[in-house]
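> With the hints as constraints, model all of the structure from the sequences given.
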Amino acid sequence: MPLILIGINMKAKAMAEQNANIVRRFFEEVWNNNNLSLVDELLASDFVDHSAPPGTPGGIEGYKKTVAMFRSAFPNIQFTLDHILAEGDRVAIRLTGRGTHKGNFMGIAPTGKQVSFSGMTFIRLRDGKITERWGISDMPGLMQQLGAGGPGAATNPPARANSSKGEVVYMAPDASHSTTRVLGVYHLCKATKDDTRGIYSFFVSTVPAGEGVPLHVHLKEDEAYYILEGEFEIYDSTHHRTLTVGPDAYVYVPMGTEHGFKNVGKAPGRMILMITPGGLEGFFEGIGQVITDVNNPPPPPSGPPDFARAAQVAAKYNVTFVVPEGGH
Amino acid sequence: MAESRKKQVYRRFVEEVINKGNLSIIPELYHPDYVDHSAPPGVAHEGSVFDQVAQIPKMFRGAFPDVHFTIEDMVEDGDWVATRVTGRAQHLGRPFMGVPPSGRRVTWSSEGFFRIKNGKIIEHYGQPDLMALRQQISAKPEPGSLDENRAIVTRYVYEVNMQNYDAFDEFVDPGFVDHDPIPGQQPGIPGLKAAYRTFSNAFPDVWFTFEDLIAEEDRVVGRGVIEGTHTGSFMGIPPTGKKLHWTGTRMFRVKNGKVVEGWINLDLLGLLQQMTAHGR
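Protein chains in written order, with the numbering used here: chain H, 1 to 328; chain Y, 1 to 280.
Keep in mind that the hints were calculated from the coordinates and are not lab data.
List of simulated lysine-lysine pairs, DSSO-like, C-alpha gap at most 27 Å:
| hint | chain 1 | residue 1 | chain 2 | residue 2 |
| --- | --- | --- | --- | --- |
| 1 | Y | K6 | H | K11 |
| 2 | Y | K7 | H | K13 |
| 3 | Y | K6 | H | K13 |
| 4 | Y | K7 | H | K11 |
| 5 | Y | K120 | H | K13 |
| 6 | Y | K117 | H | K11 |
| 7 | Y | K117 | H | K13 |
Here are some of the chain Y residues that sit facing chain H, going by a computed Cβ distance under 8 Å:
| hint | residue |
| --- | --- |
| 8 | D73 |
| 9 | E76 |
| 10 | R84 |
Virtual Cβ for every residue (Gly too), placed ideally from N, Cα, C.
Given below as structure tokens:
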């Protein structure tokens, strides 16, 4: 290829990459962080939504209405961009939306259900702004999840009465409510949701070398990690990268986001795990082994893992394990 | 600039497989390790991977015999091509998403992600706008409209295909005039039912599919194909067991929501030739 063409090609690639970043930022800010001011900043004044619902204006104001409509129905709605392709002035994305059905949606009264739906969108940009969009979402799949008894109609675990006594609680270093072992990782539960008026659950997790938590998503809890000891790889699905972090590193994972970690050091590692709202201790207990004596744990279960039971427990707590896509 | 190799693979899939129903070239376009992440429920995981690929165009063409995709845009990045198409079709064949053939002209969008390896499609995610499609085929036509006439004729032919002759009264006027009766056919609905039974006795799986349908004023005219397995005597020819395929043109006049007159012209010569041909 002549040099000048290579130069043009590189310039086109750089523009495509820049466009992809604008689209990432748009979803992150407008949808996931509810920052509507970015709509005005990132949509061109002559923006056209070719897929605006019938009866809505197809421009910027119409797009804001679509966002507001989804947010009133699913206040915690989050989008994960599963795949982004960029060429020339267009960006094509494959995405998954997740949220809790708390308001009217297309005539369906709130069901409290956690939903997840796929979509694809083509976007055209000009001078760093979005000028056109063509989007399709799996509306039949979404409506089916909202329908009574349809597949994927997960239900919330029932909220239990708050047993917090409104008192200061001190807990000795080794003390815990319960300790569970899940896939080789020990979770000392310092606070269950019943200790915190449902606001959070608090764990100190000990992770042997080479062990970790596989990629998964929970739909209604935010999670934070704080590394105490050791070296961990943590998957950052927002930026599609793996972070290698050590002591005092802090990582926050919003609900509906793929995450997972692995101890890649040679020694056992420890981290604080805070999950809010509380309640996922029930998931650990359901999926793992309850350990009564941490210093003298029983042998891990023999035989293959009971995937059916794991899937049942995961469904109850709205946790989805993610099988990584192979081959690309 | 010429279209890239990867985009050409997708274009060939649309132009040959979707628009022409040429399923035989699927092995040229699809990788033996193909994985479809968006296969709709009901797609059987049996036969070769190419048989599985063929099921979706077959299903679409079965419901929408004249389906035509127009490629609106393609975005290529690395091994992947994202595609955006507009589908146009008439719902003249089989039920789709539980909706019986509606006679509707429909337009919908579809987007897809395809991974291409060594010139063949190896991975796919698809997002057709099924909600828009279902809304269009299940919309109730305006009374007295051409859409309603198309719906009546399409539904009538479908009920005949299903050999659901009791549903006739809903679509056929008691004074129905058949301008092309079979020899000895009695007038009215009873004669019509008997004529259809003559066909279904000779070809128990007989199925007429409109490939095109045109409505004007109170008439609806369509061109179609008939398929059936010859397991009973027909026109004095003993059963051959052959799967036969012939063409036909039909016209109806519709009045007050029912068909009142019918004309039919079948390629009986082609049919007789297939029945009497040696071999096959």
